[in-house]
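Going down the list, the sequences are from chains V and U. For the record, in the first sequence the residue sitting at position 160 is 160 according to UniProt numbering, with numbers rising by one throughout. For the record, in the second sequence the residue sitting at position 206 is 206 according to UniProt numbering, with numbers rising by one throughout.
Hints are computed from structural coordinates only; laboratory data are not their basis.
Calculated pairs, SDA-like style, for lysine to any residue (alpha carbon to alpha carbon, straight line, at most 25 Å): (1) Lys9/V - Arg188/U; (2) Lys258/U - Ser180/V; (3) Lys9/V - Trp176/U; (4) Lys2/U - His95/V; (5) Lys9/V - Arg94/U; (6) Lys258/U - Thr99/V; (7) Lys97/V - Leu208/V; (8) Lys9/V - Leu184/U; (9) Lys215/U - Ala56/U; (10) Lys9/V - Val182/U; (11) Lys97/V - Ala189/V; (12) Lys225/V - Ser150/V; (13) Lys9/V - Asp159/U; (14) Lys225/V - Val85/V; (15) Lys97/V - Val261/U; (16) Lys2/U - Ile13/U; (17) Lys258/U - Val216/V; (18) Lys258/U - Val217/V; (19) Lys97/V - Gly19/U; (20) Lys225/V - Pro238/V; (21) Lys2/U - Arg106/V; (22) Lys181/U - Thr7/V; (23) Lys258/U - Phe101/V; (24) Lys225/V - Gly226/U; (25) Lys9/V - Pro161/U; (26) Lys215/U - Leu255/V; (27) Lys258/U - Leu92/V; (28) Lys9/V - Asp158/U; (29) Lys9/V - Leu102/U; (30) Lys258/U - Pro100/V; (31) Lys9/V - Pro175/U; (32) Lys9/V - Val170/U.
Here are a few chain U residues that face chain V, going by a calculated C-beta distance under 10 Å: (33) Pro24; (34) Trp27; (35) Thr28; (36) Ile39; (37) Arg94; (38) Phe95; (39) Thr105; (40) Ala109.
For clarity, every value in this text was computed on a predicted model and none was experimentally measured. Using N, Cα and C, we set each Cβ at its ideal position, and we do this for glycine too.
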Amino acid sequence: MLKPPLTFKHRLVLPLLLSLVLILGYPLAFSLWISLHDYRLTAIEQARWVGWAQYFTILTQNASFWNALANTLRFVGMAVSLELVFGLLLALLLHRKATPFRHFFRAVLLVPMFVTPIAVGLMFRFLLNSQLGVVPSVLRALGITIDWFSAQQALITLALIDVWQWTPFMLLLLLAGLESLPEEPFEAARVDGASSLQIFWHLTLPMLRPTILAAVVIRMLDAFKVYEYVYAITRGGPGESTETIQYHIYRVGFLYFRLGEASAMSYILIAVILMLVVLLFYALRRESLSQR
Amino acid sequence: MKRLQREAPILLILSFALGVMLFPYLWTLLASFKTEAAINRPLALGFTPTFAHWRAVLMESSVPLQARNSLLVGALTVGVALLIGAPAAYAFARFNVGGPGLRFTMLAAQMLPPATLIVPLFLIMYSLQLLDSLLAIVAAHLTFILPLTTWFLIGFFDDVPRDLEEQAMVDGCTPWQAFYKVVLPTIRPGMTAAALFGFVLSWNDLFYALLLSGKNSATLPVGIAGFWTFRGIEMGRMSAAIILAVIPMVVASFFVQKYLVRGLGGGAIKG
Chain V
1 MLKPPLTFKH RLVLPLLLSL VLILGYPLAF SLWISLHDYR LTAIEQARWV GWAQYFTILT
61 QNASFWNALA NTLRFVGMAV SLELVFGLLL ALLLHRKATP FRHFFRAVLL VPMFVTPIAV
121 GLMFRFLLNS QLGVVPSVLR ALGITIDWFS AQQALITLAL IDVWQWTPFM LLLLLAGLES
181 LPEEPFEAAR VDGASSLQIF WHLTLPMLRP TILAAVVIRM LDAFKVYEYV YAITRGGPGE
241 STETIQYHIY RVGFLYFRLG EASAMSYILI AVILMLVVLL FYALRRESLS QR
Chain U
1 MKRLQREAPI LLILSFALGV MLFPYLWTLL ASFKTEAAIN RPLALGFTPT FAHWRAVLME
61 SSVPLQARNS LLVGALTVGV ALLIGAPAAY AFARFNVGGP GLRFTMLAAQ MLPPATLIVP
121 LFLIMYSLQL LDSLLAIVAA HLTFILPLTT WFLIGFFDDV PRDLEEQAMV DGCTPWQAFY
181 KVVLPTIRPG MTAAALFGFV LSWNDLFYAL LLSGKNSATL PVGIAGFWTF RGIEMGRMSA
241 AIILAVIPMV VASFFVQKYL VRGLGGGAIK G
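Chain U extracted, bound-state conformation (with noise of 0.2 Å):
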């Protein structure tokens, strides 16, 4: 208790900053919840529950669709990211191969402004026929997420004893059979939160989705930037569908946090 008291100041801080981190996330979670009479006093302090706009959501609009899409496009990103980055990352970090040169680029494609790609992309999708496909939003989303899985995975890899591989390969294995059979479950933490970062980056991403995709092929950021453009204001719903975006990328999160400086310092940073 004395401690408590003791630290009430910075508690109070840290209270402020928590306040106004959560308080946009419940007033849109009882938004879901109002009727749009109620949204409209925001200072009236009771209101009478209704599901409406759950309902609505659930049931009757595209939203499951584009989650549906929003988690195809993100899998795929992610696992054809992992097959061909978690190998490369392996090279880098036990044979730097390529050298900084190589490390530098996978850094610096990760910076690259989409605004940059999205005219190319665009038109090769448009002559590949791939327009409104989930394919053309998959290899958009690969341009920053390859590169990002392979630099988050070179840190996991670096702190793998070389031992490991060296007594796999006396025993038997050859150099392919030892990485995939002995090092990859070894990092297999540093894989999970690798494939989780960038779900959370594809599912977030608006700028190509919004581009590439097409009535059957819109995942659900653009879906939720319809709400308030093309059918007028329907607050309710679109808070319906907005806290269902949201809430897997607040339990993700949660798993990602732990291993997240050591993948993005990409090997420079212990941790």
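Next up, chain V with everything else stripped away, as it sits in the complex (with noise of 0.2 Å):
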């Protein structure tokens, strides 16, 4: 015996280990040695070893990094809790039988998170467009003055944008959620004479405390990476006032061409990241812990 052979399940698992190696573990453990390196596109020959210093500058003393992250986590804030209340509105409203033509608006109502969100974000940049838009001309017919891209309307603008596209996502997981509850516990609540709002209140909702706890993981993980809208709309402005994380690296990287310095930054965001999802599983687990 030289050698055990592969066996079958293993070879059926080689060619993907063998591609997220190559596309995957090798890309990001380049990008961990370029964090290191004061590593700039316009003169990759004379990059030269920093050490960590690029991530204690970062962390230190760039302002523009901790704006960019400060506003990446008030979008995904204001965007995530409002796709939570719609979300479970709909929900709802969808998972009752005597909801009429239920079926027609679940599948209408998910179409926007299938949507090219570069075309979204444009489609709202016309719409909301002080001269052109329907909306202001609407709205100023009405005597509301809005300026939906100023210093300090453009980011919750830009979460809007979000929750009309994504509370879809929300609504299908909340639905599935609904649909795979046990019915005996709400018989039995219907029966003792719990009002309609007691039921959600005490069952519907601790029931439900995965699904959302899921969905909200996964919805504030891809809002981090929001990047089309402000691509489309915005590009930062006004001011750094919608410079959202993805944009910074982006800007940094390829405007400036700090390529050392956007892998550090990317670094540090993901363990941000890690950072969130421990914290919000150990704060919601807590809280389910003390309920018991």
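Work from the hints to combine the two standalone chains into their complex.
The following block contains the structure:
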């Protein structure tokens, strides 16, 4: 016996493993290496080792990076919480057997999550444009003036666009969660004379908690990558008010050619995301333990 | 009728949501048939329809080339992802190869921010002289679509009864034949859904395509993004191009919806 032969099940996985090493493992390692160098696209030959210095500088002295991170957190917070509220409301309505045309509504309301984000961004830029846009025009006729892309408003507007596109995803997961709940507790509660509100608060919501957690985490991770709306509409402006982290890294790496710094930022971003996910799981688990 | 009356408040809420959802498409569709002058008067009700923007987009612009690029990139990405992902998903579902660790890797890989991968991918493609080629975009798209496809199919393989392969092997099939002749055909709906969903994600990507493509390899999202920024405002043409990009996704969504929850659950959710 020279070598144990690869068994059937291992041969099934081998191509996947090799591809992942090639397209994910190697680039990630390369990126780490770049992040430890002063690596500029304009002077690749002169890349020199700087160790963790770039990480240190970003964390302690880079106001733009922290601003972008704060903007992203605000964006994610606003977007995901609104998506949860609207998604839950729609899911509850579409879960009721009595609701007419529920399958039709479900099928059509899910559509936005499949649509090209850059197209969505440009459609809303057009719709909300202060001269050409139909929304500001209608609002003006009603005596309301909102500058959707002003420094105070723009990030909120981008978050609302995200809500338009991604509430369907919440709806999809929460509806599936509702449909998988057992029926007996609900029948028992109704027999005991509980009101709809009581049933929702004391039965539906606690039982739906794992689905809500999963949906929120997935949406959060995805919302962290926001780029298309920023690219389509504001390019980070006015000022740096809508500069999100993904856009910031793109700018540092590919408009200022500082690839080493961009790589270091992306690793810090991964660390921040991991911390958030762990915190969220921890907080929600403790909350559900204290309720028992 | 009585039921509709009793359900009126709920119908009202749902119809409102439907209106909010449909309005941007309808308005953009209308704009693609308006003259630029009519677009500048958003509140005027009537307008004389023009087909100039559609003609310009379809006959004189690079949009058809970009749509072809998107189609090729999507098809190639999905083809490779299924070829590599389906056997692996089968091995995860049947033999639990790699345990939860490998499954978690599939999940984590999809969540990785593209900003992390773009710098090394750009440099690798640069040194391979693959910048401005469709292959570079396909490789970048595989970084998330390959793990996704694999993850997506696990749940479908889970539902195939084991007797099926056992019977096939009693009948003289090798394990490999049992897999691709007997098991694979039974999960065809899952494969179709995974392929369509992967295609949607590839078609929709702007970030990778923008940085890895050039004049010849630009995909549709890259082309659309250019309408507002580089040639001044060509609202009518941009609207036509947007509608063109969106329609295939709307159609695909109706086919994918039914299987999406099971796929995204990766074997954890039954439904």
